[in-house]
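4 protein chains.
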Amino acid sequence: MPHKTIKASIIGITGYTGLEQLRLLLAHPTVEIVHLTSRQHESTRIGEVYPHLAHLDLNITNTNHNAVAKDSDVVFLALPHKTAQDVVADLHGKVKVIDLSADYRLDDAATYERYYQEHKHPELLKEVVYGLPEITGAEAIAGASTVANPGCFALLGQMLLHPFKGLIEAADIFAVTGSSGAGKMPIEGTHHPIRNHNIKSYNINAHRHIPEIIRAGDITETQLNFVPTSGPFTRGIFANAFLRLKGDIEPLDLAEQAYEDAPFVRLQESVALANVVGSNFVDLSFTKGVDGTIIAQGALDNLVKGASGCAIQNMNLMFELDETEGLFNLGTVYP
Amino acid sequence: MPHKTIKASIIGITGYTGLEQLRLLLAHPTVEIVHLTSRQHESTRIGEVYPHLAHLDLNITNTNHNAVAKDSDVVFLALPHKTAQDVVADLHGKVKVIDLSADYRLDDAATYERYYQEHKHPELLKEVVYGLPEITGAEAIAGASTVANPGCFALLGQMLLHPFKGLIEAADIFAVTGSSGAGKMPIEGTHHPIRNHNIKSYNINAHRHIPEIIRAGDITETQLNFVPTSGPFTRGIFANAFLRLKGDIEPLDLAEQAYEDAPFVRLQESVALANVVGSNFVDLSFTKGVDGTIIAQGALDNLVKGASGCAIQNMNLMFELDETEGLFNLGTVYP
Amino acid sequence: MPHKTIKASIIGITGYTGLEQLRLLLAHPTVEIVHLTSRQHESTRIGEVYPHLAHLDLNITNTNHNAVAKDSDVVFLALPHKTAQDVVADLHGKVKVIDLSADYRLDDAATYERYYQEHKHPELLKEVVYGLPEITGAEAIAGASTVANPGCFALLGQMLLHPFKGLIEAADIFAVTGSSGAGKMPIEGTHHPIRNHNIKSYNINAHRHIPEIIRAGDITETQLNFVPTSGPFTRGIFANAFLRLKGDIEPLDLAEQAYEDAPFVRLQESVALANVVGSNFVDLSFTKGVDGTIIAQGALDNLVKGASGCAIQNMNLMFELDETEGLFNLGTVYP
Amino acid sequence: MPHKTIKASIIGITGYTGLEQLRLLLAHPTVEIVHLTSRQHESTRIGEVYPHLAHLDLNITNTNHNAVAKDSDVVFLALPHKTAQDVVADLHGKVKVIDLSADYRLDDAATYERYYQEHKHPELLKEVVYGLPEITGAEAIAGASTVANPGCFALLGQMLLHPFKGLIEAADIFAVTGSSGAGKMPIEGTHHPIRNHNIKSYNINAHRHIPEIIRAGDITETQLNFVPTSGPFTRGIFANAFLRLKGDIEPLDLAEQAYEDAPFVRLQESVALANVVGSNFVDLSFTKGVDGTIIAQGALDNLVKGASGCAIQNMNLMFELDETEGLFNLGTVYP
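Protein chains in written order, with my numbering: chain A, -3 to 331; chain B, -3 to 331; chain C, -3 to 331; chain D, -3 to 331.
The list treats identical chains as interchangeable, and a pair is accepted whether it falls inside one copy or across any two copies.
Subject to a maximum C-alpha distance of 30 Å in a straight line, what follows is the list of computed DSSO-like cross-link-like pairs (lysine-lysine):
hint, residue 1, residue 2
1, K242, K196
2, K3, K122
3, K242, K161
4, K284, K242
Quick caveat, the hints were computed from the structure, so don't treat them as lab data.
With the rest of the complex left out, here is chain A (with noise of 0.2 Å):
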């Protein structure tokens, strides 16, 4: 194979962010893993956190940032927000980072500020690259020095949105998501007896993916209802969209458009959640509504596209390889 191997190492493995980098970056040809750190782990063999690796020789270790740093080409940061904010300003520059917390995914520190709290290093927001790579571009990401990885629902939104970017007078968002998007911590909304069979909404028209989602349409927080809802599945986004635009558009003529060159973009007759879960897939369908409306659905993996595999698309530009590799074939868990 032509391509050297890439070092890669996973700040914050424990999460289920940062497993799932993991079990993506063992599936890629060409990356070799340096090191996986926790602070709450001092030098443990990752099988006695999580017996599902037990067969791994790897080690989970509270090493510091920079020295990680130092060993590694890129370092994928599965931090909780906030936490990432220092890292980032403290990495940047110093070595390819790929940042999955939401620290660095706004424009400006003001809209950061009002949908989470202050920021420390507002003068990096303009260096670091978003990286959806469907919207952003290659060329952007292929530059990137940092890249700050999308949020789930926002990604799914901003696919439904991009391809009438411009022309979107109103969008009304309906986006229900499994279980494993609430992270590892057990809380009331994710306990079983109840989440089990249970949907219900929340942050409605106040979560904090909104002021990414906004962006792909070119519109502002009056134009979209967004209703982040949680549902009795483990993975998977699923996005049922009201759109409202200027003009008689063929709302799929301009979808096809816009994701001709996305490997990872499937326009479907009919989306379906199962279709995607384990892959890095998203699924998206467009059709016409009554009086002039579009109706606009979509389906990805929180943890894949949603997070991890969205990463690794961003470390495959980031490195000049193909975008798919060690993605394109990762199936679908189907059944």
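With chain A fixed as given, assemble chains B, C and D onto it according to the hints.
This is chains B, C and D only, laid out in the frame that chain A set:
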């Protein structure tokens, strides 16, 4: 108790609606079961067909519907659409009938024919009373000889629109149902290996419940996008509607007015499917979205409030019992 | 109705057992709810804590248990183990008490101490009647002032062994429970993303229900392997036992004899968990395996027959009502 | 890479086993897909039949099996039992064959006939090698022209008994499987409304995998109780065995010896189904129960290690690749 016992029979006991009707009739304090019929079984103890009913000293027979009517005060028809047409025509006026099929839900034969098939008894469509107590009103149902019980999606859709009747410019409804709504025959869409982690829409803007829904909003088919969807759970429907109304209204005020006297409607701050499973309650929430839109959500158990529970409500009204008799204390199965 | 109304209260309403007790008491024809208490809530409408109960005009208070007892004919204690010890000691003899905790289920303080902790009221252990109607017998329960309600695994385990009491050489029981058995506090084991597709045993041969189980078989701890297991569903326990007996017996004959008068026991050809969910029935099957072994299977709803439903059975017996009152027509939630 | 590419085909692509075989072959670094055949489809793009594969430039054809063999280095047969009999007989010796059906798993025609039907090619039963690498051994598989891939329950059952071969007096196995084991045809037992919350045993002591299982323990059918059970989940089998052995042995010592060189066997302190889903690992635990019994537990993914993953292991051995090639880094889908 002052009420005389009501002699009740179920024609078409073996489907999920018939079984749920039996569960609710057995829990009703003033009902006595007379006949349970099915054309597939010739006098079989019910526990042999359905072991979960092995404790009951009841037989399934294929008694003719006229003989059933003669012995009964009320007959519940849990027959497939089309089959019910003739049975209702034959029984109407002879006994109180509650028809759980779709055959007499619509007012005019032309619409029925467009969504279903030809109607053989169009003259009866105006005589049969549509039995959605919260909208039809108790009086009309009390005076009915035959009642057409609403469809499950249709009932919830109507509850979301009813408070705004005459004020609606556009309604976009996304509604997700559990697998029990598909009935007892195994099909591809209810095959567990996939359904267990799937979400998929079907019959978008073509579902047969649309003509029921639009009546409650006093709108036409061109003002409604209706997206029926199947989800990975057994019981219940959860719906989210984006409504565009004439004028600036306070949705909760109108909803409180509309449902002031409705014992089974609960206006909640936030709707959760798990709060209604097993019960006859329909939970609703109404909030303002961006730019004047209304976000309305609702949940019910498709087999109870969406079918056999509503049928009990209708029976109570037809026999001048309290509307809540045998239903109010039928608790949510939570967890 | 000839029966006077029974005034019932629940101490510890906010857990799953307390909630289920309330569901069943509300469905009971001769019960009136007096107090619902919890130390966490100071006179709160129950719907504010549990929106699925928003229709009820009932408050949760932190009324002292003695005041509760004074107003009640029967008090259901749904308190954590250990906490219940003193409350039972305080109330015993003043009011009829049904204790759903484990604190008075065992006969002797030494065994209790070995499996739980020190017992502060060992003298009461012999006075409190173990309330498993099918084994204890109606008479003993009818005469009791305080009844200890069995554990959920324990009840099912005993039902499997009871017909063979005195004949058992070895019993190997594998039993899998739904997540509601773990209570309402979110923990790692009930975290939906994993629990949704997990099966895992725990406390093998060390579970606290073992001393209850062995009594029914008249065996010692060295004759029982008991493998409690958690499964990916909300309600119910399914158990499979391999039994080795003295002599060549016809297991079904003995089971029929043992449960001849037991209205909630159904001997089935094949046991299916879905047949009992939501109901107070316990389904059992007994067949011969190879080389003289017996394969016994059983299923029940852990919150009904395994907890609050059995408590209603006990109440019925204590108040000389029919044992099935308010329970028999509480149907299986099927599907 | 030194390995030449292996040309692989799948005969019978449309079932769950065929689909999973394709998923795993696509992820394998040295395999090229040649033919995917089905008698139901005449040259159809695979994405039209299975939208989750819409990104693949692959067709399903009904190419004759001899033509398939001519173009291939290895042929995977994912045909129904009985249909496979003749195809294997026709292809044996012409191309390497891995048969996922049951038709050549047993050694003698009489046993096959007792559990299945008459065998038309009994002479081949001794020539086809049973491909359970951890028990059969790598050498025998490497030398095989045709391999019979084990049954899913059978493989797990054998893994539980194998370390104790010749020492077993009695084995009682309870094993619960996900719904994907039933295949892609909707039937009553896989109907979601019930399966979603059901557990039910079937074919107790009569399951077709029994003659495979007993070989590994060197026992007879009268020494094994085998209770196959269906559970409310999609993927995986979890098994619990109670074993009675000759002599006082340390089970873990024997297991460690037996599986010393087995890269896909993980001896865990505690087995959890979620730890293996999506992967080729089989997790096992062995502990001492009461009175000399051994409690053995195991879990695997029925479609991977229980079918198509084991087939890849066999292929690797037949082509002298590392046994783990393309499988080891196929991670658990966790959560």
